[in-house]
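Protein chains: 2
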Amino acid sequence: MSIRHLAGAAGLVGAVAFAGHALADEGMWTFDNFPAAKVKAAYGVQITPAWLDHVRGAAVRLSVGCSASVVTAQGLVLTNNHCVADCAQNLSVPGKDYFKTGYLAAKREDEKTCPGMQAEILTAITDVTPRMLAAGAGLTGQALVKARTAVSSIIEKESCPDPKTFRCQVVDLYHGGQYKLYRYRKYSDVRLVFSPGVQTAFFGGDPDNFNFPRYDLDSAFVRLYEDGRPVVTADHLHWSTTTPKAGEAVFVAGNPGGTDRQLTVSQLETQRDLTIPLTLAQLSELRGRLIRFGEESPEHKRMAGELLFGLENGYKVYFGRQEALNDPALLAEKRESEADLKAKAAPKMGPAFGDPWGEIGQAQQALAALYVPYRQVERGPSGSKLFGYAKELVRAAQEREKPSADRLPGYADSQLPLLEHEVLDVEPVDAPLEQLTLEFWLSKSREYLTADDPNTKLLLGRDSPEALSAKLATSKLGDVAVRKALWDGGLKAIQASDDPMIQYVLRIDPAARILRTAYDEKVAGPVTQASEKIAKARFAVYGDSLYPDATFTLRLSYGAIAGWTYRGRTVEPFTTFKGLYERATGQDPFELDPRWVAAEGKLNPNTIFDISTSNDIIGGNSGSPLIDAKGDVIGAVFDGNIHSLGGDYGYDGAINRGVSVSTGAVTEALQKVYGADELVKELTTGS
Amino acid sequence: MSIRHLAGAAGLVGAVAFAGHALADEGMWTFDNFPAAKVKAAYGVQITPAWLDHVRGAAVRLSVGCSASVVTAQGLVLTNNHCVADCAQNLSVPGKDYFKTGYLAAKREDEKTCPGMQAEILTAITDVTPRMLAAGAGLTGQALVKARTAVSSIIEKESCPDPKTFRCQVVDLYHGGQYKLYRYRKYSDVRLVFSPGVQTAFFGGDPDNFNFPRYDLDSAFVRLYEDGRPVVTADHLHWSTTTPKAGEAVFVAGNPGGTDRQLTVSQLETQRDLTIPLTLAQLSELRGRLIRFGEESPEHKRMAGELLFGLENGYKVYFGRQEALNDPALLAEKRESEADLKAKAAPKMGPAFGDPWGEIGQAQQALAALYVPYRQVERGPSGSKLFGYAKELVRAAQEREKPSADRLPGYADSQLPLLEHEVLDVEPVDAPLEQLTLEFWLSKSREYLTADDPNTKLLLGRDSPEALSAKLATSKLGDVAVRKALWDGGLKAIQASDDPMIQYVLRIDPAARILRTAYDEKVAGPVTQASEKIAKARFAVYGDSLYPDATFTLRLSYGAIAGWTYRGRTVEPFTTFKGLYERATGQDPFELDPRWVAAEGKLNPNTIFDISTSNDIIGGNSGSPLIDAKGDVIGAVFDGNIHSLGGDYGYDGAINRGVSVSTGAVTEALQKVYGADELVKELTTGS
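Which chain is which? The protein sequence lines are A and B, in order.
Everything in the first sequence is counted per the numbering used here, starting at 1226 for the first residue and increasing by one.
Everything in the second sequence is counted per the numbering used here, starting at 1226 for the first residue and increasing by one.
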């Protein structure tokens, strides 16, 4: 699975703070506002400040959109296999497909740096709300967006004078209700230690994704390095080998990527009627092209692997969301709670309050008119690394010519180091896959904009998508040395480059910027402004004992090990190795790794494999430690059940479940299947 | 374009009669209830009974889901190229790709029979409402469905004692408001005379499909044969060479396939929230697989051609419908008119009337639970000819064991001849394409039903979709002799067959039948019953000066040659050859056929090419003659504009347009591009 955070995939419509009354086990709580009394009442477990500090100190955020945790004093980090899938694919070379076969570093020197991956541990949270609000006072539209970005950047730069080892981020919580500065210790050398390979981590493949019972060893280990040596962090979680029990209290510390639980009704309707249908249609067709591409040869299968995995996962996520939004009960409930807040807010907020819901509704009209060109031209193709490099190189070169405060969001001084890291890390670029994704993008742009649209003419000229994508795929930006020269050379080097992709992006970028400005002016700005008003009203009416919508920042959720009952069918909370062997058919994706076939007699068939829990989680929580009352790690969250997909809009404690792989299963497999005795020793001794 | 009627594609939810007040130019009128007075008032044109009889006598319905018209005394029939695309593809052999290059029979003997194509000319309409209603009296659920099917079949058999030359069909109009017997003279030997080839007929390809301005020669000619000789029909339309004028009155006589203008709100919501989203997702992914498949080799491109064309067209149709349904104004209007009818019907209909809207709503709940398994198991794969043959062979053999009245709909004695014709006609079967479509179907079944579902286990056993589809694609049912032996041999031969596809269908058919029964019992039956009640109420409240929803039977629509204005942009009603040459980029799908490049100097650049008209048309109208006030044919309808796609639910006279290719363009091209002097002579002399 795959509840990795898909940054940008849904980002067109911002998230707003949660307002209703939290249900049992509901909530993605910040560490500075955890409802310890509630947990004590529900589960009899006392969560102390020391417990919280310890867990926070061991919790890791990965720049690939995942969560993780430090589990030994040698900087060993537990996460999901699907969080290192990109890394394994990037480290692969013809003949060595680590994505498929997995990887085990026999000794320290064999631990290999994951290109582009960065790990972050949260060290401090500071309130910066007054300064942020002051920066936007009296502004609207793009001016508001830019002013907020500028002051964020200044705060971030001031607070992290050493961007090599720290990262600072101003986080918008409760959608304008609070702005907090999150300060992270960052690690830019993250090395792959162990991956079981996709066959074992993703047994059952897409058909089983988001389903349970489940039989996946979706776990992996990486190690934090600095100056060529493993990092000793202040905290690490103790690796539990105790057998988990149904009903026991469990906690998830991780970074849920985003929820939309307090969007206005008009924003939800935009998702239901406009953005999700188009997203699903495009995901589906690209998925189809990629499946067939992968069937053409083992080389193509390898190239397609990671992108296809992401598309299929994204497809299910959006399909689940669409289903949730198509349920009339959900929208009826949202309408009711919106009406309740409106009615209660009116007498408290005074005449200047106006009608923020109406303002957001108007912004949705603007979005409807802008969405297709904005998506196709400004956001560009999914899955093309060459286009992504060119766009970042061109934009960064242009933006760096301006003072930090005047730049587009994403290019402030405080944000450039991560961007540079991502642009300059070594990743393989496969020309046939590039051509496929570019051709798809160009042909969909023409389809949805129509052939007569000026943007189509700009994108294609007199070329066909087939011919133009073939030309663009000859770009040399796959070579990191070429990218480094362009990054270092700045705008002059960019303008002098004869690389076809750089030239292409330079040509279309002015039109893309016009769309970006229109979007900020008519959509992002007005929504930010109105959402802040709604957030204020919500605090005024319901108080502050609430959790904010998810923002890919550290949260703690509580719950219990529990199955569920739906339409008369009860699902138990545990699976075992025995079930894995029963489910195997010998055909992909239900085919066992030969090492598992060989190890069947050695493994304890009753080992608890995967676990269903009632924690409130969502994409971005992938790799989060599942923690028991003592604070020990007992598993790694890697998925949600099918009912969790509607969790974007609300949590249903009866059926919404997270899915984890148990530490017991990982230990047993490391010993009996992979012979990773050193690793087991490190885990069980903690050092 | 392609407004060909996609039989079965949307057929899950039946259509109900239209009830509101018809707007200017709105309406797909039956020939026995044409609003001549309205036309006289609007356009000053007198449509006489003789005019109607003449046009009806020349109007042709094609079994491939298209319309057409006889245009000479030698049985020459004008239709769209995309209506003969299947035929051209089926007649192609390696090295001769008629779908791509087109076809021109140099002499009569070169005219080639289109496999499986049947042409029908309507000769009489008789009211059979009382007999049909009596047959269902007191029945519900599947019993009602079966009783109606049985009496239809008896009426059809009685009225067409000679099924070789006549076809009889009981047509449900106004969704249970009227049942009429349509009697057709039928022609089973339809031969291809001329196709310009896809490059010219579908210039601009999918990007231009459903868009205008347009530059397509989407026309073709076939000829009706009987006993090896061309047929002389009683009527044919005169081939006009007069230049059409903006504003002139025009008529379209053809067979609109289906509209949903009077579905209840709950039925529309089912389409919006359930059936269309799933259809779009599956169409998109299959489209993607097929596009990539076609890029693998010229042979694959040829194999994929026709199926891809249908998928892309269907995708746009459903995308347009989804957009229409997502427009809150449309559903608000539907809710209002439903409320109006309910309020007015209550005092007129008496206490036995009950709540038919509520009954249909309940049936929608049942449909929601049944839809995925019904779609995947009972409806089976899209695009697999082998599966289609096997299913029809197995079902027909089983059903023929029973008395006609007890059979499933589709297998009554009156329906068997067309079925036999379709099953036993020669069509090429391409194993690689079969494997692709079967693999797709099996993998989507597993995805949407989930791996643990009993239907998934039935469909796949312990096979993967990849392995099973490879086995099934080895079926020998592509050989017509094998099919004929199985058809003639009946159930015994079927049961004894070792063909893998026959064995497979035999194995899954019991489960498919259970789903079919559940569907009839819980959805089709209740909807039929409640819809009849609503139809009665509608007649009682609004009278009978209305047209019925489309049913792929002969209709006449009126309107004018007209462009439109939308969001400030005005589109003119005509394009010319000059525009074609300007639009050509040299790259697919904007690349000209070399014959057109060569002919540029000879063609009159001002020849009117394609025409936009305000006629109310929809899928199934493809190939319909565009007729002037005199009753002469001035073009062939081949598409609608983008706004016509919402026409499924209602007609907007301001922007809803049909698109035709002009007879003038066809004549000029036949002469100057194709050197088809004989054909031009036949057209202009009429014999």
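It should be emphasised that the hints constitute simulated quantities derived from the structure, not laboratory data.
C-beta atoms are modelled at their ideal positions from N, C-alpha and C, and glycine is treated no differently.
Among the clues, some could well be false.
Label-pair restraints from in silico Cβ distances [claimed, not checked]:
#, chain 1, residue 1, chain 2, residue 2, range
1, A, Ala1564, B, Thr1790, 33 to 43 Å
2, B, Ala1695, A, Asp1713, 45 to 55 Å
3, A, Asp1452, B, Gly1811, 53 to 63 Å
4, B, Ala1359, A, Ala1564, 45 to 55 Å
5, A, His1646, B, Thr1810, 52 to 62 Å
Against the structure, the hints:
1. Under the hint 33 to 43 Å, the C-beta atoms of A:Ala1564 and B:Thr1790, about 39 Å apart, fit the expected range.
2. With their beta carbons about 52 Å apart, B:Ala1695 and A:Asp1713 fall inside the hinted range of 45 to 55 Å.
3. Taking 53 to 63 Å as the suggested C-beta distance range, the pair A:Asp1452 and B:Gly1811 conforms, at roughly 58 Å.
4. At about 52 Å, the beta-carbon gap between B:Ala1359 and A:Ala1564 stays in the expected band of 45 to 55 Å.
5. Between A:His1646 and B:Thr1810 the beta carbons are some 41 Å apart, a value that contradicts the proposed interval 52 to 62 Å.
Figure legend: structure checked against the earlier numbered hints; the only hint not met is number 5.
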